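Listed in order, the protein sequences are those of chains Y and H.
If you count by the numbering used here, then the first sequence holds residues 20 to 162, one letter each, in order.
If you count by the numbering used here, then the second sequence holds residues 71 to 243, one letter each, in order.
No wet-lab data here; the hints were simulated from the structure.
None of these values were measured; they are calculated from a predicted model.
Hints are not guaranteed to be accurate.
[Claimed, not checked] In silico EDC-like pairs for lysine to aspartate or glutamate, Cα to Cα no more than 20 Å straight-line:
| no. | chain 1 | residue 1 | chain 2 | residue 2 |
| --- | --- | --- | --- | --- |
| 1 | H | Lys140 | Y | Glu128 |
| 2 | H | Lys135 | H | Glu73 |
| 3 | Y | Lys82 | H | Glu195 |
| 4 | Y | Lys88 | Y | Asp113 |
| 5 | Y | Lys88 | Y | Asp112 |
| 6 | Y | Lys100 | Y | Asp112 |
| 7 | Y | Lys104 | Y | Asp63 |
| 8 | H | Lys199 | H | Glu227 |
| 9 | H | Lys134 | H | Glu195 |
| 10 | Y | Lys54 | Y | Asp113 |
| 11 | Y | Lys36 | H | Asp211 |
| 12 | H | Lys120 | H | Glu101 |
| 13 | H | Lys135 | Y | Glu75 |
| 14 | H | Lys135 | Y | Asp63 |
| 15 | Y | Lys146 | Y | Asp135 |
| 16 | Y | Lys98 | H | Glu133 |
| 17 | H | Lys140 | H | Glu124 |
| 18 | H | Lys228 | Y | Asp112 |
| 19 | Y | Lys98 | H | Glu160 |
| 20 | H | Lys194 | Y | Asp63 |
| 21 | H | Lys135 | H | Asp192 |
| 22 | Y | Lys54 | H | Glu227 |
| 23 | H | Lys140 | Y | Glu39 |
| 24 | Y | Lys82 | Y | Asp92 |
| 25 | H | Lys194 | H | Glu124 |
| 26 | H | Lys199 | Y | Asp108 |
| 27 | Y | Lys153 | Y | Asp135 |
| 28 | H | Lys134 | H | Asp192 |
| 29 | Y | Lys54 | Y | Glu39 |
| 30 | H | Lys140 | H | Glu227 |
| 31 | H | Lys159 | Y | Asp113 |
| 32 | H | Lys140 | Y | Asp135 |
| 33 | H | Lys114 | H | Glu130 |
| 34 | H | Lys105 | H | Asp85 |
| 35 | Y | Lys82 | Y | Asp113 |
| 36 | Y | Lys100 | Y | Glu75 |
| 37 | H | Lys159 | H | Asp200 |
| 38 | H | Lys134 | Y | Asp112 |
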Amino acid sequence: FFFLLPTMPREARPFSKFVEIGRVCFINYGPLYGKLCVVLDVIDNNRAWVDGPGIERQQLNFKRIALTKFVIDITRGAKQKNVKKAWADANIDDKWAQTSWAKRLAQREARASLNDFERFQVMIARKRRSALVKKNVRQLKAQ
Amino acid sequence: FREYQVIGRLKPTADITTPTMYRMRIFAPNEVVAKSRFWYFLSKYHKMKKTTGEILAVNEIYEKKPNVVKNYAAFVRYDSRSGTHNLYKEYRDTTRVGAVNQLYLDMAGRHRVRTRSVQIIDVKEIASKDCRRAYVTEFHDNNIRFPLPHRVQRTSEKRYQRRFRPARPNTTW
Numbered sequence: 020f021f022f023l024l025p026t027m028p029r030e031a032r033p034f035s036k037f038v039e040i041g042r043v044c045f046i047n048y049g050p051l052y053g054k055l056c057v058v059l060d061v062i063d064n065n066r067a068w069v070d071g072p073g074i075e076r077q078q079l080n081f082k083r084i085a086l087t088k089f090v091i092d093i094t095r096g097a098k099q100k101n102v103k104k105a106w107a108d109a110n111i112d113d114k115w116a117q118t119s120w121a122k123r124l125a126q127r128e129a130r131a132s133l134n135d136f137e138r139f140q141v142m143i144a145r146k147r148r149s150a151l152v153k154k155n156v157r158q159l160k161a162q
Numbered sequence: 071f072r073e074y075q076v077i078g079r080l081k082p083t084a085d086i087t088t089p090t091m092y093r094m095r096i097f098a099p100n101e102v103v104a105k106s107r108f109w110y111f112l113s114k115y116h117k118m119k120k121t122t123g124e125i126l127a128v129n130e131i132y133e134k135k136p137n138v139v140k141n142y143a144a145f146v147r148y149d150s151r152s153g154t155h156n157l158y159k160e161y162r163d164t165t166r167v168g169a170v171n172q173l174y175l176d177m178a179g180r181h182r183v184r185t186r187s188v189q190i191i192d193v194k195e196i197a198s199k200d201c202r203r204a205y206v207t208e209f210h211d212n213n214i215r216f217p218l219p220h221r222v223q224r225t226s227e228k229r230y231q232r233r234f235r236p237a238r239p240n241t242t243w
């Protein structure tokens with residue numbers, strides 16, 4: 020069965036990310052967009068009680084949350100200092116920054132915050148790269 | 071909604087210099103409505119009304135432990151189109167006020183009852199073992215774990231919404 024998994028359509032694969040106590044989530048809507056949080060407790064089928072670095076403890080609707088693959092080791096409704104400790108022990112900040120999800124977000128942010136000179140530099144760099152690529156392609160075609 | 075403590079009594083007269091004071095906990099959006107609802111209920115219980123009485127205090131009541139998820143039991147009396155009935159409902163929330171908000175929305179959605187037709191008899195926090203409703207007890211699990219199946223995509227800001235997109239949405243993420 021497991022060898023079939025990558026060939027299965029995405030809709031048919033078994034669930035891999037669950038809402039559970041300790042699940043690290045990415046907030047993808049609202050004023051807290053972009054922050055990470057951890058599920059401390061489930062209030063009902065729509066809301067979680069959530070805490071995270073840089074955010075207050077609060078209710079968040081699951082619609083505002085995207086589950087990440089990380090889970091930290093905390094008990095239900097854990098105290099803030101225990102959450103901080105579990106977060107640091109699991110090294111979530113580093114692990115998150117290494118995921119391609121976070122890298123893509125950082126890249127988008129970097130691109131959006133370029134000033135005019137930096138955009139010019141990017142244009143020149145792209146031209147240089149494309150010239151190199153074309154040169155290599157020409158050489159390979161000649162062989 | 072907010073929760074207010076409203077204390078009122080009849081105006082003191084020559085024969086009754088210290089009338090009995092009555093206290094109610096009222097859920098209202100503001101103090102003005104709280105005072106109004108206080109008189110609405112008090113005049114049903116006692117021979118008192120706004121003109122014959124005075125309000126001594128209106129204080130907002132805040133949640134003692136807003137950081138803990140609790141189970142609330144609500145006893146409600148409401149007027150439907152064909153009569154008045156009692157209801158017992160349970161809600162999970164972190165604050166009394168949150169539970170009452172849910173209650174009003176729930177009553178509106180399920181019974182088409184307007185806020186004015188709902189009288190909250192009691193809202194109290196109950197222990198998990200005393201909860202009677204399955205939709206609340208199903209969350210009484212220390213190892214609760216469930217996926218979010220068939221998720222609908224939503225852009226992070228309304229201005230990124232598009233009417234047409236080149237690809238069908240992905241519902242597993």
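* Against which earlier hints does the structure fall short, listed by number upward? -> Violated hints (numbers, rising): 1, 3, 7, 8, 17, 18, 19, 24, 25, 26, 27, 30, 31, 32, 33, 34, 35, 38; every other hint is consistent with the structure.
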